[in-house]
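Asker: Position one of the sequence shown corresponds to residue 15 (the numbering used here), numbered consecutively onward.
One or more of the hints may lead you astray.
Said to hold, decoys possible - Heads up, simulated DSS-like pairs for lysine-lysine below, C-alpha to C-alpha not over 27 Å straight-line: (1) Lys33 x Lys100; (2) Lys127 x Lys57; (3) Lys86 x Lys100; (4) Lys57 x Lys100; (5) Lys127 x Lys33; (6) Lys57 x Lys33; (7) Lys57 x Lys86; (8) Lys100 x Lys127.
Unchecked claim - DEER-style ranges, computed between Cβ atoms: (9) Ala79 x Pro99: 12 to 22 Å; (10) Trp111 x Pro87: 29 to 39 Å; (11) Pro55 x Asp94: 14 to 24 Å.
For the record, the hints were derived by calculation from the structure and aren't laboratory data.
Built from N, CA and C at the ideal position, the CB exists for glycine as well.
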Amino acid sequence: MLVNPGDVTTMTFDWGSIKWFVTPSSVPGAGSTLGEVIVNPGKGHARHNHPGAEEVIYVISGEAAQMVDDGKPFRIGEGDAVHIPKGVWHSTYNTTWRPLRLIVTYTPGGEEKALEAAPDLRLLAAGAVPEWSQS
Numbered sequence: 015m016l017v018n019p020g021d022v023t024t025m026t027f028d029w030g031s032i033k034w035f036v037t038p039s040s041v042p043g044a045g046s047t048l049g050e051v052i053v054n055p056g057k058g059h060a061r062h063n064h065p066g067a068e069e070v071i072y073v074i075s076g077e078a079a080q081m082v083d084d085g086k087p088f089r090i091g092e093g094d095a096v097h098i099p100k101g102v103w104h105s106t107y108n109t110t111w112r113p114l115r116l117i118v119t120y121t122p123g124g125e126e127k128a129l130e131a132a133p134d135l136r137l138l139a140a141g142a143v144p145e146w147s148q149s
């Protein structure tokens, strides 16, 4: 099944945006989740965990400070991959002036549903382009 970026909704937050291309609820038979995350310059997401899934982060472009298991943050950049075991606390913070682009997977899929409860969530229709400005 082919999924194009213009075919899926975009979740936007104060820190950036996410497009989920493959989820168990959107692709029949899918057991994992795959999406593209953009973290805006100087922004990041709060420390959190995924009790029901492991996460893999792959950096397409940009740099960030990555914290895993409440350890000391370490630098991640283009081409790096980070594995976050199920239930482990973590956070990602874009430390540069350029957008950070990530591919993220959850195994098993479904953890993306937790983001639907985020107070700063704005859901954009398929094909809509998110607006971004640095404050």
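Asker: With reference to the structure, classify each hint as holding or not holding.
Answerer: Hints, one by one, checked against the model:
As the CA atoms of Lys33 and Lys100 are separated by approximately 22 Å, the hinted pair is consistent with the 27 Å bound. Restraint check for Lys127 and Lys57: satisfied, since their Cα atoms lie roughly 22 Å apart, inside the 27 Å limit. At roughly 19 Å between alpha-carbon atoms, Lys86 and Lys100 fall within 27 Å of each other, so this suggested pair holds. Between Lys57 and Lys100 the alpha-carbon distance is near 24 Å, which keeps this suggested pair within the 27 Å criterion.
For the hint pairing Lys127 with Lys33, the CA-to-CA distance comes to about 13 Å; that is within 27 Å, so the pair holds. Distance hint between Lys57 and Lys33 is fulfilled; the C-alpha atoms sit about 18 Å from each other, no more than 27 Å. A hinted pair counts as satisfied when its Cα atoms are at most 27 Å apart, and Lys57 with Lys86 qualifies at roughly 18 Å. In summary, the hint linking Lys100 to Lys127 is supported, as the alpha carbons are separated by about 16 Å, within the 27 Å threshold.
Here the CB-CB span from Ala79 to Pro99 is close to 19 Å, well matched to the stated 12 to 22 Å. About 18 Å separates the C-beta atoms of Trp111 and Pro87, a value inconsistent with the hinted range of 29 to 39 Å. Between Pro55 and Asp94 the Cβ separation comes to about 18 Å, which falls inside the hinted range of 14 to 24 Å.
When held up to the earlier numbered hints, the structure conflicts with hint 10 and nothing else.
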